[in-house]
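Undergrad: Chains as they are written, first to last, in the numbering used here: chain D, 1 to 718; chain C, 1 to 718.
Honestly, the hints are just simulated from the structure, not real lab data.
A couple of the hints might just be wrong.
You can't tell identical chains apart in this list, so a pair holds if it fits in one copy or across any two.
In the BS3-like style, the derived pairs of lysine-lysine whose C-alpha atoms are separated by at most 27 Å in a straight line are [unchecked claim]: (1) 283 <-> 55; (2) 161 <-> 520; (3) 520 <-> 55; (4) 595 <-> 283; (5) 490 <-> 268; (6) 337 <-> 595; (7) 554 <-> 38; (8) 520 <-> 307; (9) 83 <-> 189; (10) 25 <-> 62; (11) 262 <-> 161; (12) 298 <-> 490; (13) 379 <-> 527; (14) 491 <-> 527; (15) 410 <-> 315; (16) 189 <-> 161; (17) 83 <-> 307; (18) 489 <-> 248; (19) 283 <-> 379; (20) 485 <-> 379; (21) 491 <-> 290; (22) 527 <-> 337; (23) 189 <-> 315.
Please read all numbers here as calculations on a predicted model, not as lab measurements.
Protein chains: 2
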Amino acid sequence: MTAVIDKVTSQSTKDLVARLLAKAKAEGRDSLTAPEAKELCDVYGIPVPQEGLAKTADDAVKLAEGMGFPVVLKIVSPQILHKTEAGGVLVGVKSADEARAGFQKIIDNAKAYDAKADIHGIQVQQMLKGGQEVIVGAVTDPSFGKLVAFGLGGILVEVLKDITFRLAPVSREEALSMLDGIQAAEMLKGVRGSEPVDREALATILVNVSRLVDEVPEIVELDLNPVFARADGATAADVRVVLDFNAKVQRYRPNEEEILEKMNRIMKPKAVAVIGASIEDGKIGNSVMKNLINGGYKGDIYPVHPKLQEVLGYKAYKSVKDIPGDVDIAVFAIPAKFVAQALTEVGEKGIAGAILIPSGFAETGNVEGQDELVAISRKYDIRLMGPNIYGFYYTPLNLCATFCTPFDVKGKAALSSQSGGIGMAIIGFSRSTKMGVSAIVGLGNKSDIDEDDLLTFFEHDDNTQIVAMHLEDLKDGRAFSEAAKRVSKKKPVVVLKAGRTSMGARAASSHTGALAGDDKIYEDVLKQSGVIRARSLQDLLQFARGVPVLPTPKGENVVIITGAGGSGVLLSDACVDNGLDLMTMPADLDAAFRKFIPPFGAAGNPVDITGGEPPSTYQNTVRLGLEDERIHALILGYWHTIITPPMVFAKVMVEVVEEMRAKGIDKPVVASLAGDVQVEEAADYLYQHGIVAYPYSTETPVAVLGAKYKWARAAGLL
Amino acid sequence: MTAVIDKVTSQSTKDLVARLLAKAKAEGRDSLTAPEAKELCDVYGIPVPQEGLAKTADDAVKLAEGMGFPVVLKIVSPQILHKTEAGGVLVGVKSADEARAGFQKIIDNAKAYDAKADIHGIQVQQMLKGGQEVIVGAVTDPSFGKLVAFGLGGILVEVLKDITFRLAPVSREEALSMLDGIQAAEMLKGVRGSEPVDREALATILVNVSRLVDEVPEIVELDLNPVFARADGATAADVRVVLDFNAKVQRYRPNEEEILEKMNRIMKPKAVAVIGASIEDGKIGNSVMKNLINGGYKGDIYPVHPKLQEVLGYKAYKSVKDIPGDVDIAVFAIPAKFVAQALTEVGEKGIAGAILIPSGFAETGNVEGQDELVAISRKYDIRLMGPNIYGFYYTPLNLCATFCTPFDVKGKAALSSQSGGIGMAIIGFSRSTKMGVSAIVGLGNKSDIDEDDLLTFFEHDDNTQIVAMHLEDLKDGRAFSEAAKRVSKKKPVVVLKAGRTSMGARAASSHTGALAGDDKIYEDVLKQSGVIRARSLQDLLQFARGVPVLPTPKGENVVIITGAGGSGVLLSDACVDNGLDLMTMPADLDAAFRKFIPPFGAAGNPVDITGGEPPSTYQNTVRLGLEDERIHALILGYWHTIITPPMVFAKVMVEVVEEMRAKGIDKPVVASLAGDVQVEEAADYLYQHGIVAYPYSTETPVAVLGAKYKWARAAGLL
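Please put together the full structure from these sequences, using the hints given.
TA: See the structure below:
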């Protein structure tokens, strides 16, 4: 058995890798030969079959006899990548005669397939018997870098694309989680009398492969396909290693401390310059000035304009360089063509951040123009927000550094969007639902500041309890993942990844690469990073609104208490959809609930108190649910009746929840309200008092609770 | 090749089936033996391997040559049950010599294994070669009756439960649709160089199996596992037939004409009796009277009460039998224990329908009480609605035969719910969103009237354009499917099936049975019946509201026109999620759109008109989209700006849509509105004018459009 290799890669391994790479590069190859790949596997602790290279039929017989029949024969030629297609593979070769005949046949086939192919010989390989076929692979993603992949082998799996990814390198625990991360995970546990596979052996291969690709940047794709996983080990039958010697340009990536220092100045500025401040109604530079002033920002505001003396009562300056004091951010409200010059002045002035509202850069094809801004920003160490954004809001400072409408519903949710339209939807929704917000940030083209910078700021921002982000791509997925992993331990991070159904295929020369859909990588990495993924804009908004309202549950036991049996069924469906555990009701607790409900009501879970009950029945059962320590969260199903009207229900529920909070009992409670229009007012009242409630929906309250649970689990709080 | 068997089953086949069943029953067996199953397959055109019994080695050779090599040889001896153990099986017998030698070897082995064994001979069986392993099966569902199933063979498929069902019997077209109905459908089309399977041969087996189980009620489960599907045919390698001689009790099922006659009297009554009418506030019998009166019902209202002379100004009667004129429905508002007696009087009076509001029947375990009501209803031919319901509304008659609040928002959507709570949610939602409703019906325990009765009524009801149903089960799934198939050709039928995530496993003795999850059967049969399945309560309500607002599209080409690029991406995601085709923009149309949008905007699809545009840009591009005949539906993405405020956008859109309608151009248009709170008013305005619009959501407008498309396709209109 092969163990996880040492944490420190030995000099001899490094030398071997260097030699293999140098040879491939010298020969103009973009892949390793099979024998080279085997050498690499040997030093990286990746078990492969015994093998040898036969130059002649006699060689083949000798090698086969040495390792024992049956064997597999495979063509070795740098030009022939798809060996099976070329008739270059013979399996189950059982005797010396067969080996001799097979050697000749493969050589003939190879020549017929590609007359110019450079044939190095025939690889004779020990034939692996039995076990479950799996694939272990690695790919390089433009945003996330090296990823390791795992799936079952075989054509069916290819058709179903049942494969899972993790950022490389992976720990043993992460590797083990991959084995459970495929739909067909049960296959590995022994079905229909077959033995379970050796999970540790597979995890070891995954760890070692991830280490290999992480340490060797030139390996851009890798396939172990198939790996035979048995009850007592696992062996890779075939290894493919694809190389790329062109190094990727690195994105600017300051360290955490540097990010924080700059982001604090940007998000909480003491002084703001507005470049292109205007007195003309309808102009962006006018809207920005008005929003700063009318929003109630208490810091210094410096309009910058080439000709004006004053803008809306504030003294104007010809250039930011003329402003007497320190300035933290400059909001740009000038056409694209003037931005570079103004940015240079911003740099010379030592301003921390440029809020680049102007469009007309990469999004319109003007990549050069944007690159120029980035170059200036690096020269002067300015952080850029945008270009092509609406600006940003930071409500604790009453700061509306944007051309949109002012916003004043303060609270604990920080939101960002890549797109302006989505930003406006956030503003409208927040105002309409009274969702308290700490910040709304437009990221636009993300020439510099992106989600990981924001995450790092919000991580340390006491005014923020949840971060909800709309994004279309990640400029640096790895930096995002690192930040999200850290931040999500403290605060929920919700992401709506737009473009998730993108049909864009990726060019790939490996099998794993061909299986790697963009969205599957995002899905797995976001999960690995502790992020709650929103499936729709409404999810993003409702999670941002509801998750901070709920206290963190202390355990997995969820109980439904409902006045409508029908709601109970739909709420149960929603629990399953959202991965919530409906507690199996202990006999004593069941009996306790039964005391409060009519004899034809149903205890168990859901607790069906039946429709005609007075407020006291809701009160008694919910109090019991809150008091009993075995229950960790409640889902309420309300049914509008004359005997318990909506607002009566709402007030009674708030009363009992507050009574319990006063005793130090604080559990998440969500509610679904079925009834006439008065339930809307009742839902608002409940929400304002810490009970996440929705009218005419059984799914949304449970989805919000599910999001809270997902976060609590990922943060290790459950 | 075996063809689909004749439509008329021959007498000899019927005789064979009768003989096989009689023998099995006489022997107390609940399955057929392998030779019996083969006989059945032969007459029903289900290909199984050829086989014959050889008494001598010469026989064996002759048989093998007849069916073609390779063959399998198997000992036939009543004493040798474990044939392989006894050395009594030889596979892959390739020639006459091998057959001759094999015959002798098996005989020798058998004698050595058990000298006393009575050897009948050697079974020679055609050996099936290669191909794709699939499963064809049949199960009996308590609600749907006989279903035929199809899936791939092998353990992995079992783990993934990738199997599809149809009601038996199936047509050739339905059978072919099953081949595309599994996740792994691609496997049948030839992947990685393998040949595609013979789809017609598989369809023939499915058709014939479905015919067999349909014609023979005693066959409750059937497995062909595996079936080897090749490029030139398909053969079942193993057949298992499970029998049950206990006939199921039939539910009362009137014919369509009978249903319609009664349902017309019930839903559009000329006279209503209220049994248990009360003058006491808060009593159900009081609420029902008030709702009838205040709702504005113009027919006769007859309160029934043992003592009162008058209720709310209406003359009261001691019994329905005392009422002078004809009565169409009696609404029951009395305790459960009095219902049976009153129902008998209702029967004697010749009343068409009993609206059984009272609870305390099957839902509380009182199954006997409910059965008693059903027996009375059959005796007098009364149709029962309920028991355990809120009653029903039929707005064209201003009829509120219910104890809930009156309801007056008239329109074209008919809704039903199995649960009272969901009924109240329907009322609240409808009132809040001004969704026009023709009927809301509570079905409760469904002792008699159920979804197929309602469907049949709504099919012929000119006041109804869409039927939306919440249900937890179907008492007669087959009757529902037949009605839904018929009705959905004319009007959309939307179903929210609650309890869809039920974990309840079903007891099954066949392989197919074990794979049959309740929800998978509902999923497939609802689809087969042309039903649009709602995934959540909100879906049900929004589809009921939005689908009738949209005209039926004339083709699949959908175009997105958006002011916000970010919304465009999310709307595209939603299109993929909802199975909508984003049209590939023809060059001339692309050029035409470009004329209206800024140079940095993006044509193609989505058409991104960019954010800063005036109302005329929205107007011009939408007009073009409506005018061009190649485009069949539009999705609009609006972004709130100063230059095009929400209500300006809404009015301009309505203007252009109405201008086109006046010209006879009517295409479905939906809109997603991103902006500050004013977009809510704009969305309402758009909705009222036939454009399905939602604020802060990209997913809902597209889901509604998707539902319309699903219906149009199922109804054969596309």
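Undergrad: Evaluate each hint against the coordinates.
TA: Against the structure, the hints:
no. : hint        : in the structure
1   : 283 <-> 55  : neither (78 Å within a copy, 97 Å between copies)
2   : 161 <-> 520 : both (9 Å within a copy, 21 Å between copies)
3   : 520 <-> 55  : neither (43 Å within a copy, 57 Å between copies)
4   : 595 <-> 283 : between (67 Å within a copy, 25 Å between copies)
5   : 490 <-> 268 : within (21 Å within a copy, 61 Å between copies)
6   : 337 <-> 595 : between (75 Å within a copy, 24 Å between copies)
7   : 554 <-> 38  : neither (50 Å within a copy, 60 Å between copies)
8   : 520 <-> 307 : neither (54 Å within a copy, 72 Å between copies)
9   : 83 <-> 189  : between (32 Å within a copy, 23 Å between copies)
10  : 25 <-> 62   : neither (32 Å within a copy, 65 Å between copies)
11  : 262 <-> 161 : neither (43 Å within a copy, 53 Å between copies)
12  : 298 <-> 490 : neither (30 Å within a copy, 64 Å between copies)
13  : 379 <-> 527 : neither (37 Å within a copy, 62 Å between copies)
14  : 491 <-> 527 : within (15 Å within a copy, 42 Å between copies)
15  : 410 <-> 315 : neither (30 Å within a copy, 61 Å between copies)
16  : 189 <-> 161 : both (20 Å within a copy, 16 Å between copies)
17  : 83 <-> 307  : neither (73 Å within a copy, 94 Å between copies)
18  : 489 <-> 248 : neither (31 Å within a copy, 57 Å between copies)
19  : 283 <-> 379 : neither (31 Å within a copy, 80 Å between copies)
20  : 485 <-> 379 : neither (31 Å within a copy, 70 Å between copies)
21  : 491 <-> 290 : neither (33 Å within a copy, 53 Å between copies)
22  : 527 <-> 337 : neither (41 Å within a copy, 57 Å between copies)
23  : 189 <-> 315 : neither (73 Å within a copy, 74 Å between copies)
The structure is inconsistent with the numbered hints 1, 3, 7, 8, 10, 11, 12, 13, 15, 17, 18, 19, 20, 21, 22 and 23, although it conforms to all the rest.
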